[in-house]
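For this one, chain A is given, so just place chain B on it according to the hints.
Same order as they appear, the protein sequences are chains A and B. Counting in my numbering, the first sequence runs from 1 upward without gaps. Counting in my numbering, the second sequence runs from 1001 upward without gaps.
Since the hints were made in silico from the structure, they are not lab data. Careful: at least some of the hints might be erroneous.
As the list claims (entries may be wrong) - The calculated DSS-like cross-link candidates involving lysine-lysine, where the alpha carbons are at most 30 Å apart (straight line), are:
hint: 1; chain 1: A; residue 1: K143; chain 2: A; residue 2: K125
hint: 2; chain 1: B; residue 1: K1090; chain 2: A; residue 2: K268
hint: 3; chain 1: B; residue 1: K1050; chain 2: B; residue 2: K1062
hint: 4; chain 1: A; residue 1: K268; chain 2: A; residue 2: K125
hint: 5; chain 1: A; residue 1: K268; chain 2: B; residue 2: K1092
hint: 6; chain 1: A; residue 1: K52; chain 2: A; residue 2: K268
hint: 7; chain 1: A; residue 1: K231; chain 2: A; residue 2: K52
hint: 8; chain 1: A; residue 1: K125; chain 2: B; residue 2: K1050
hint: 9; chain 1: A; residue 1: K143; chain 2: A; residue 2: K50
Stated by the list, open to error - Label pairs and their computed distance ranges (CB to CB):
hint: 10; chain 1: A; residue 1: L13; chain 2: B; residue 2: S1073; range: 19 to 29 Å
hint: 11; chain 1: A; residue 1: I31; chain 2: B; residue 2: V1175; range: 11 to 21 Å
hint: 12; chain 1: B; residue 1: L1166; chain 2: A; residue 2: L35; range: 44 to 54 Å
The model shown is predicted, which means the values in this text are computed figures rather than measured ones. C-beta atoms are modelled at their ideal positions from N, C-alpha and C, and glycine is treated no differently.
Below are the chains, spelled out letter by letter.
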Amino acid sequence: MIVPWGKPMRRSLYVAFLIVPIVLVVVFLLIPLVLSILPTFTKPNGGWLKYKTFFTDPFTRTIFFRSLRLSLITTLICVALGLPTSYYVSQLGANRKRILNSLILFPLLTNAVVRGFAWISILGKNGLLNQALLSLHLISSPKQMLYTEGAIVVGSVYLFLPTMISTLTPVMERIGSETIEAAYTLGARPLTTFFRIVVPLSFSGVLVASVMVFAGTISAYTTPTLLGGNKNMMLSTLLYQQSNTLSNWDAASLIAFIMILCSVGVMKIFNLLADRLDKRG
Amino acid sequence: MYHHRLLRSIAIITLAFLFVPLFLIVLTSFNSTDTISLPLEGFSLAWFSKVFASRSLMGSLKTSMLLGIFAASLGLVIGLFAAIALNKRKGKFSSFLLSLFLSPSLIPGIVIGYVLFRMLVVLLEIPLTTAMLLGHLLVVLPYTVRILSAGIRECDVSIEEAARTLGCTPVQAFVKVVLPDLQPAVLSAFMLAFINSFNNIPVSMYLKAPGMNTLPYAMMNYIEYTYDPTVSALSVMLMALTLVFMVLSDLLAAHGENRRNS
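Here chain A stands alone, though its shape is the one from the complex (with noise of 0.2 Å):
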């Protein structure tokens, strides 16, 4: 909700400012967004038979339900390490709490491409893991582990679980200790607790958060490229393919309707289960 302060400003000072970024988003972006999208609909013998050929045809159907299922297990995996982690964060001193938060932005404000590599240099066929696993003699030959769907999965989970862990500890301190110390007063165990007051309690607060990671990780460019290499295309990284190296304009559109119609799907879904919790609760 917007609530204004002050004396209200004048229509002519209101339109003025607000001209350019208006300009901006509407002529530099959303209008040309309509324009590549809507031949997708109305070209000849395109329409829906081209989304349809996109759904059937098993190599782009293939990446479409890939990048669904990796976005899907990274956001359970980030849910996973997340709701511990950001229990633990919550329940520590002030000092200590800051330190960790700070720790945790820091992966989030560094460059993709850094992170990428770190996994590169760790997943690698010469790389650090398998020098470690080779050296303490348990495996024989050097296992393939980049360029594989796990390798994505690691990457995009290293790339968002910060954004997981910074936006459910804020909840997670809402929760007050004042609860948690009811629950162990009325004998509750510690994971008990946690699974029967702390995760509930937060849980629109997962929702905010996987939504970010799910549409985080179904858009994400550079870690697919990076960890998964020519075998495993994810969308982004065919959209690339379709129009930068084959300039086909009309694959390269659709595939971005495509994606955007996943992550703001997905947003719209969970915000109204969210708002929905929030109302129940």
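Just chain B, lined up with the frame of chain A:
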């Protein structure tokens, strides 16, 4: 306090998972061998000097810096005016306009890059440099608008009204009273905008002029062809930059708190 061993272990492993990879990069960047391996064979700064000697990396660093400063500054000014207008007058459309300005953050970066390339560059033949600036402005706009709107909403209205009663014009009241109060928000908006422009890949990838790479893209290209600790060294330098930004914004925030309390 009341920690269960299992939950605490998961938390500590997760935190380790977040920091160990970055720590490993720092270690390997000082290695004297030309492969990325541990344990270290010797201490060397050779990879750092290789970064400084690489004309393509240093050139792209300059490009990214200039682009980031330009996009963040312009985005800040546009965002500031927008935030003032949205909070100063309850227009019928204010709420809608706010979501309009935040919408670029909902659209996947690669789609923004593609659409600008397809329509502005290919169809309208707008020069790449202009398209690149527009793209980066779109990337930073949601950050500046969101942070500055929140900052303005938190400002104490009564101070501004007092300034007006004491004879300030609206502009004077804003510059002398509101803007100092808004300083922390302005600074964090600028930094977040700069970092997001600096780190951006998908938009830059489509809109870069030939021979004018941005740093993250140049790094990606480098990794594709060479695998040696040069990128580790460059990564360490970028991490140091991030750290400087974080400490700076922390100090400024603390400074702002102090001033407000005194």
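Handout entry: Straight-line alpha-carbon gap K268/A to K125/A, limit 30 Å
Key = violated, 41 Å
Handout entry: Distance restraint evaluation - I31/A, V1175/B, Cβ atoms, bounds 11 to 21 Å
Key = Roughly 35 Å apart at Cβ, these two residues miss the hinted range, so it is violated.
Problem - 30 Å Cα cutoff - pair K268/A, K1092/B - result: Distance ~23 Å between K268/A and K1092/B Cα, so the pair holds.
Practice task
For the pair supplied as a hint, K1090/B and K268/A, confirm whether the alpha-carbon distance does not exceed 30 Å.
Solution key: holds, 26 Å
Problem - Holds or violated: K143/A to K125/A, with C-alpha atoms at most 30 Å apart - result: holds, 7 Å
Problem - Holds or violated: K143/A to K50/A, with C-alpha atoms at most 30 Å apart - result: violated, 40 Å
Problem - Restraint status (C-alpha distance of K231/A to K52/A at most 30 Å) - result: Within the cut-off at roughly 23 Å; holds.
Exercise for the section: Please test the hint of 44 to 54 Å on the beta carbon pair from L1166/B and L35/A. Expected result: For L35/A against L1166/B, whose Cβ atoms are near 52 Å apart, the range 44 to 54 Å holds.
Problem - Cβ separation of L13/A and S1073/B, checked against the hinted range 19 to 29 Å - result: holds, 22 Å
Practice task
Compare the distance between the alpha carbons of K125/A and K1050/B with 30 Å, and conclude whether the hinted pair is satisfied.
Solution key: Holds - the C-alpha atoms of K1050/B and K125/A are around 25 Å apart, at most 30 Å.
Handout entry: K1050/B paired with K1062/B [C-alpha distance capped at 30 Å]
Key = holds, 16 Å
Practice task
Decide if the proposed pair is consistent with the structure: K52/A and K268/A, CA atoms, cutoff 30 Å inclusive.
Solution key: holds, 24 Å
Checked against the numbered hints given earlier, this structure breaks hints 4, 9, 11; the rest are met.
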